[in-house]
Each structure stands twice: as C-alpha cells, then as structure tokens.
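S.K.: Chain residues, written in single-letter form:
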Amino acid sequence: MDLVLQLLFTGIGIGAVYALVALGFVLIFRATNVVNFAQGEFSMVAAYLMVVCVELGLPYWLSFVIALAGMALIGVIFNLGVYYPLRHRTYLPVIIATIGASILLANSVLAIYGPQPQVLQGWFDTPGIQLGPVYLDSQYLLIIGVTILLVLFNFWFFEKTLLGKKLQATSQDKEMASLLGISVSTMIMITFIYSAVLGGLAGILVAPVLFVSIQMGSTIALKAFAATIIGGFGDVAGAIVGGLALGVIETFGAAYISVPYKDGFAFLVLIAFLVFRPQGIFGERVAEKA
Amino acid sequence: MSASDNMIPAPAVRSKPLIIRHLPYFIGAAVLVALAAGMQFDGYILNILLQATTFSIAVFGLSVVLGLCGQINLAQAAFFGFGAYAVGLGTADLHLNFWLCLVGACAITLVAGAFLGMSTLRLGGHYLAMVTISFQQIVTLVMINAVGVTHGPDGVANIRRPELFQSSQSYLAFCVAMLAIVGYLVWHLPDTKLGRAMRAVRDNELAAGVNGIDVFRTKVYAFAVCAVLGGLAGGLFAGGFAYVSPDQFSFAESIQFLTMSLLGGVASPIGSVIGTGLLILIPEWLRFLKSVPGLYLAIYGLSVILIIRFMPDGIWGFVSDAFTRWRAHTKAPPVAGALLLKPATTGGDIVLEVTGLSKHFGGLKAVDGVDIAVKRGSVHALIGPNGSGKTTTLNVLSGLYKATSGRIVLDGTDITNMAPHQRTAAGLGRTFQNIRLFRSMTALENVEIGAERPGNTMIGKGDDALTERAMEALTFVGLGSRANELISSFSYGHQRLIEIARALASNPTLLLLDEPAAGLNSTEKLELHELLKRIAAQGLTILIIDHDMTLVSEAAQHITVLNFGRRIADGESMAVLRHPDVVSAYLGSE
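For the protein sequence lines, the chains are E and P, in the order given.
For the first sequence, my numbering gives the first residue as 1, with consecutive numbering after it.
For the second sequence, my numbering gives the first residue as 1, with consecutive numbering after it.
To be clear, the hints were calculated from the coordinates, so they are not data collected in a lab.
Just so it is clear, CB atoms sit at the ideal spot from N, CA and C, and this is done for glycine as well.
A couple of the hints might just be wrong.
[Claimed, not checked] Beta-carbon label-pair distances, calculated as ranges:
#	chain 1	residue 1	chain 2	residue 2	range
1	P	289	E	255	37 to 45 angstroms
2	E	275	P	39	46 to 54 angstroms
3	P	486	E	87	18 to 26 angstroms
4	P	39	E	119	49 to 57 angstroms
5	P	526	E	76	49 to 57 angstroms
6	P	486	E	76	32 to 40 angstroms
7	E	257	P	19	40 to 48 angstroms
8	E	65	P	283	34 to 42 angstroms
9	E	76	P	310	42 to 50 angstroms
10	E	115	P	417	53 to 61 angstroms
11	P	289	E	65	57 to 65 angstroms
12	E	257	P	566	56 to 64 angstroms
[As the list claims (entries may be wrong)] Under 8 angstroms between C-beta atoms, here's a sample of chain E residues computed to sit facing chain P:
#	residue
13	37
14	77
15	80
16	99
17	100
18	178
19	179
20	180
21	255
22	257
23	264
24	274
This is chain E alone, in the form it adopts within the complex (with noise of 0.2 angstroms):
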C-alpha cells in the first residue's frame, strides 16, 4: 500500500508535465488548427537555457525569467518561419514543417552542447518531505503546485478575460474574429508564445528529475501527445486528465511490469483508445461538413 501511495505521487508529478506540455499542444491547436510537432523541443530547449544561464553564474530565479524570455522569443521566430509562411496550406505541409522545426532545434542543441546529458539541480534545497508513509520529493510538490496554478490561471485568462476571450473567438472562426476587428495575425502570435513559454516552462520544472538531454523533448512530447488523445483531441480539461493518466500508468508499469519498456507503456495505452475509444475521454466525434 505505501508503495502503491508513493508511485500514485511520483505518477501525478510526472503526469503534471506531460499535461503542461500537453495545454501547449491544444492552445496551439485550438487556434491554428495545426499539431506543433516541436512542441517537445520547446521544453528541451528551455531546459539547456536554463542549465546555461546557472552555470554562468546567474541566480537560479534570473536563469527562470532569461529561460523563459528565451522561449517567448523562440516561440515568436516559429510563429514567423514556420506557421505563418504555411498558414494558407493544408495540415500536411504544415505538420512536415514543424516536424522539421523539431529536427533543426534537437540538432542545433546537440551540435553546440554535445550528447552529454547535463544535471540541473531543483527550485528548492531541501531534497523533500516524508508524510507518513510517503517521501513528497520537492521537485515534484513544485511541478504539481505550479500545474494547480497554470490551470487556473488559464480558466481565468480564456474565460475571464477580454484577451483570453479574443483568443477563442479566433479559434473557432478567424474570418468572423477578423471581421469583427481582431487582429488573427497578433492572436496567432500570442498563442506560439504563450505555448512555447508553457513547454518551456514544463521543461525547467522536469529537468531536474530528468537528465537534461537532446532526447528529453521528443520524449516529453510523445506522451504529452498521447495525453491529448487519451484526454480527447483540442480539449483543454482532457490534456490535463490525460497527461496525469498517463503519468501515473507509465509509473506503475515501471514499477510492477518492466523498467525498460518504460516508454512504451503510453504508447499501447494510446494505441488501445485510438482502436476502441478515439474521441478520448472527453472528446466528442466531429464530421466534417458537407
């Protein structure tokens, strides 16, 4: 029983990552239509940011705010050279872009850093806290308090908010948005950085858990993926349902089946909803219209 409470936290905690990742993916969605296959590396990048800026010296929470700058610039310059060229074509083009977009940042990386996996040390000094029979690691206390506050965050941005309301009408109809003075173009825009500073943000808060490495991104964003179809595709309260599932799946399956094929878990789970429930949790069929 202890163990079955330790792996439900250290599940949840990973889970939290995989469903901040996964809002990424779904604001991106929602507003463009289009699947950002580079949204993992906007994790990574972040990451080696952030190793970066502590290595030269920098106090831990000015390395936070430069990381995340950085990703905010990093999600303007995707918008730009990738988005925003395609927007006019269909999903395919865009999906191998961005596909490519994620191939140029994990190599960049690994050609100026190197294949070593680099350590960031965690927020907090104290390595944890042990409540009765389980060990609360600090890392993950964080993860999962700055998930509770990312979510709310959102639901008062999106629903509370003129922006946030702007930001939806552009996703469900740019040509009406357009028309009614919003300028697409600009909502486009704060829609890649606010995902790409997520990503980066879910980055910063994993990689001390994690190694910080070249393949952390594409991992993190598989699964993240998987959480959106588990959850059900472009629906936000399914990304973050998913990517907890998911999380604590994959724990337990480490734990009680097979530490190698840790990976692999998330896929047959997503490969099980895609053959008998591919709406997903939450999601509902759409047809297109004739």
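Here the structure of chain E is known, so what remains is to put chain P in place on it, guided by the hints.
M.R.: For chain P alone, coordinates are given in the frame of chain E:
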C-alpha cells in the same frame, strides 16, 4: 456546346499494349543492370551505390503513401528495420534460405503496416503522424532491449546473401534490377484503379467516398504498400551489408527517408531516386561536417522547412510540372461517342423511398420524420427556405451523415446503414453545392473515377473502355475538347458541369443534385436547364435541391417542401407551389 462535340460516334483511340509503350523504360533499366554488373567499382563506391539503391526502394514507399495518397508515415525506418532484421536473423541465426527470408520480410511488414494503418487511418492525419512516431519508438525500444531475439545494441552480423549473387557486384546488379521493377510498378500505379482512388482520397475524401471509393480501405492499402516496400528495401539492405544494428533504423532515419522523398519530389518514383541519391552523395562529399554530432540532422531539419516552404513539389516536381503543362495543351483528347444512360431497374415504380427520416444534432432536429417517394424516371425537387434541412437530407441520403432514425430504400435495396461508397455502388450519384472535384487531376481523370464505380454496367473491361466512357460523359456536358486540362483551368460553371459528368459516367440509378444552379450566371443556368432535360430524356431519375424557382418549377414534375426539418407539402409541382403553407414559408404569412 460546339458543333464538333456532337460529331459521329467514333470509337476512342485504341492505345497500344502497355508493354510496348513502356519498352524504352525496360531497355534503360536493362542497360543500368548491365552497367551495375559489368563495371568495376571499388568497395567504397559499391557500398554507396548499394545504399542508394536499397534506400530508394524504401523512399518509393513514401511516394505512394505521402505523394499519391496524402497520408504521412514517420516510421518508414521501422519497416525498413523489420525487413532487415527478418533477413538478418533468418539467414544468420536460423540459417534459412535468403529468398524465404526476403518473402518473410515483405509478409511481416505487410501485416504490421496493415495493422497500424487500420488502427489509425479512420482518424485525421495528425493522429497518423503521432502514431507512426510512437510505433517507430516502440520498434527501436524492442530492437535494443529484446536482446535474446535481436542481439540488442550489438546488432546482427554474418547475414548471408543468396547463392546466385555472392559477389558484391552481382548483388548490386540484382538490387538495381529490383529497383527497376519496383520503380516501374510505382510509376505506373497512379494510372491504375487503385492509384486513381489514392489520388482521389488525397484530393478530397468526401468526394472520393460518394464516387464509390472505399476511402478507409484505400488508405490502408497505400499504407501497407509503403510498409512492404520498406520491408523489401530493408531485406535487400541487410543482404548487401551483412551487418545491421538498431541505430540504423531509428527515428532519425525515418526523418532522413522523409527528407529524401520531399527533396526529390514526393509524387514520383523518379523524385524518390533523385532525393535519395542526393542525400546519400552530399554527406559523402561534405564528410568534414560529420565531425560535429547533430549538425547533419540540423541541416536536414532546416532543409525540410525550406523545401516545404519554397519547393513543395521537390526537384522532380518542379521539372515535370512545366512538362505536364506543356503536354496538357498539346495532346488532343480522343473523340467520343454519345453518352448512354441505362439506369438499373430492379425495384418497382418508386426508385427512392424515404420513410420517417430524422437527423438530430444534439438537441437540434435538422431533419425530423421526413417521407419522400421519388418515382422512376421523374425529376423530383426538394425545396425549402434556408435552414429547412434540405442539404442535411441530401447528406443523410448519400451517407455523409448517419440517420438518427428512419429508412432509405434505393431501387429495392435498403441503404440506410451503408457507407457512402457502398451507396454509390448501389446506384446513387451526387454532386455538391460547394464543388468537390479532385483538384490535382485533369477533367478526364475526375470523370474516370466516377465511371469506375463498382457495379457500373456501362463500361467494358480495361483502361480504354474507361477512358471512352469518361469522354462520352464529358462530351455530353460539352467539355469533351478540354478533357486533358487540369481542374484549376476551368471556370466555376464548367467545374459544376464536370461534377455532373463525373456522376453521369457512373451510370447511376438516381442522381442527387445539390443546388446545381448556385453561383451560375443566367446563360449558364439556361445551359444547365437544357442539360437536365437531356438527362431526364434518357430516363434517369433525378432528385434536385435548388433555390431557383424557375428552374425547379420547369424541370421538376414533383416537389417536396421542407421547413424546419419537417415536410410541409408534397405533390405535383404547380399545386405545391400554390399551397398556402409553402407560400407563407417563402414569403411569410399576413
């Protein structure tokens, strides 16, 4: 319609047998095989050529699935690896015959590809991209971790070749021959029934479905073909290099295959060979870049973005595009005879019988308990104000929406629960209000796809009969002389006529026309009216939706009126149009 189109029915041009027309290809291929067998290469060049040959076959697979069918596969390296391990483990560990292993490689990838395709291809393209990446990752995990079977990271050594091709030189010649054979099949594929279906699916899935193409099955076929070509290439690769290891089949390699395909041109096997050759040779020329890990892939990633942005059709697409445009305007289409419509008659006097048909979207009752009976040989109109449920009814009839309740019987067959392509096979033809043609194809090819409807009794066997039927239909709507032009060069009104020709070529039992007059100018409307008369004169039953009251009242003998999803009037045209409920629905009541 010009006078020349009405000329005496001369048979369409009989083409020479394929084998003779394609003779130059086989001669060229034979010369290449002879060169590969006869020239003395040193080991280094030989390896590069062997790699380029086998990789090209794998990239052919992508040209089928991505280029022809518009579906993505980011796991081609995994299928390549399946083939390589099948031949590797089979010959080295199990001491099986090479040929047996090569056949096994194809069989395994066929099953894996079909299974993966079936699990995902009903869903959108994003899912496919992600699932194939996931599959690629699982395969890599298994190759590395299942040490007992795959030897793990050490890889498989001592892979054997067939007795017949022991020397590297002869093995290369064998691979070049395989390349030529597979290349021929892939090159010819777009002009076969399956290939046309793939292109139709790529261009417009909905239109493909209502023209009798099983969209899901076509995608699965394309995906399975791609996987098999990957497996075959991998098997040949393993035999050539005698050693394989997991890192040769990673996600990065899948990306490399994709880049090769995009760079050369995704639509053609020639593009595949160009792209593969370049991406194998360029790294060899710029070896010094390899000293920095990651730099190469970073450049690949950047090239993918740049190619997609600036050269979406690749190098070969760029070259051949100019050629095709030039040819389309010089090649005269064959002269065709008169179109014969022979609607099937298996049921009774009523061709289409709809009873209690409903379609609800959540709480909205878009169509609510509608009855329609369409008499054989009549023109029947379905009218109603905006939002009355006309188009929804048509979409339920053609199977794009599933009926919430009710029953649809077409010529004695219950089609209520059939998929769109099955209804088409049962004798339904339709056009769309917002035109849905296959935009990358010529007018003739569009109509050929219609003519290929399963169960079309009006075409004989073979491609010539198909072309003849399609030409007849195009000539019937007055566009026979422009058959070889691409869809984009036709006006809106003419595109509508091509859609009608596409439906007519399939010789339907019932033709559904969804607002055919929408967006037409007054001359075009008159022509449309004439066309409808000529269609009706041949006894084809038509169900038409339109807003144009002149057209409807003159063309239709029978009218059904919908409002708010319910039938408010039904009967002989003039009587219905004077019905007080109909007048108030259109003009409002006092």
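S.K.: Give a verdict on every hint.
M.R.: Consistency of the hints with the structure:
1. 289(P) to 255(E): 37 to 45 angstroms: Taking Cβ atoms as reference, residue 289(P) and residue 255(E) lie about 44 angstroms apart, which means the hint holds.
2. 275(E) to 39(P): 46 to 54 angstroms: Once the Cβ atoms are compared, 51 angstroms apart, the range 46 to 54 angstroms for residue 39(P) and residue 275(E) holds.
3. 486(P) to 87(E): 18 to 26 angstroms: holds, 24 angstroms
4. 39(P) to 119(E): 49 to 57 angstroms: Holds, at about 54 angstroms.
5. 526(P) to 76(E): 49 to 57 angstroms: holds, 55 angstroms
6. 486(P) to 76(E): 32 to 40 angstroms: Check passed, 38 angstroms falls within 32 to 40 angstroms.
7. 257(E) to 19(P): 40 to 48 angstroms: Once the Cβ atoms are compared, 57 angstroms apart, the range 40 to 48 angstroms for residue 19(P) and residue 257(E) is violated.
8. 65(E) to 283(P): 34 to 42 angstroms: Because 40 angstroms falls inside the window, the suggested range holds.
9. 76(E) to 310(P): 42 to 50 angstroms: With a Cβ separation near 21 angstroms, residue 76(E) and residue 310(P) fall outside 42 to 50 angstroms, so the hint is violated.
10. 115(E) to 417(P): 53 to 61 angstroms: holds, 56 angstroms
11. 289(P) to 65(E): 57 to 65 angstroms: Check failed, 36 angstroms falls outside 57 to 65 angstroms.
12. 257(E) to 566(P): 56 to 64 angstroms: holds, 57 angstroms
13. 37: Residue 37(E) check passes; min Cβ-Cβ to chain P is 7 angstroms, inside 8 angstroms.
14. 77: violated, 12 angstroms
15. 80: Where the cut-off is 8 angstroms and the nearest Cβ of chain P is about 12 angstroms from residue 80(E), the hint is violated.
16. 99: Check passed: Cβ of residue 99(E) comes within 7 angstroms of chain P, closer than 8 angstroms.
17. 100: holds, 3 angstroms
18. 178: Check failed: Cβ of residue 178(E) comes no nearer than 21 angstroms to chain P, outside 8 angstroms.
19. 179: violated, 20 angstroms
20. 180: Hint on residue 180(E): violated, closest Cβ of chain P at ~23 angstroms, above 8 angstroms.
21. 255: This interface hint is violated because 17 angstroms lies over the 8 angstroms limit.
22. 257: violated, 13 angstroms
23. 264: Since the shortest Cβ distance to chain P is 5 angstroms, the answer is holds.
24. 274: Hint on residue 274(E): holds, closest Cβ of chain P at ~5 angstroms, below 8 angstroms.
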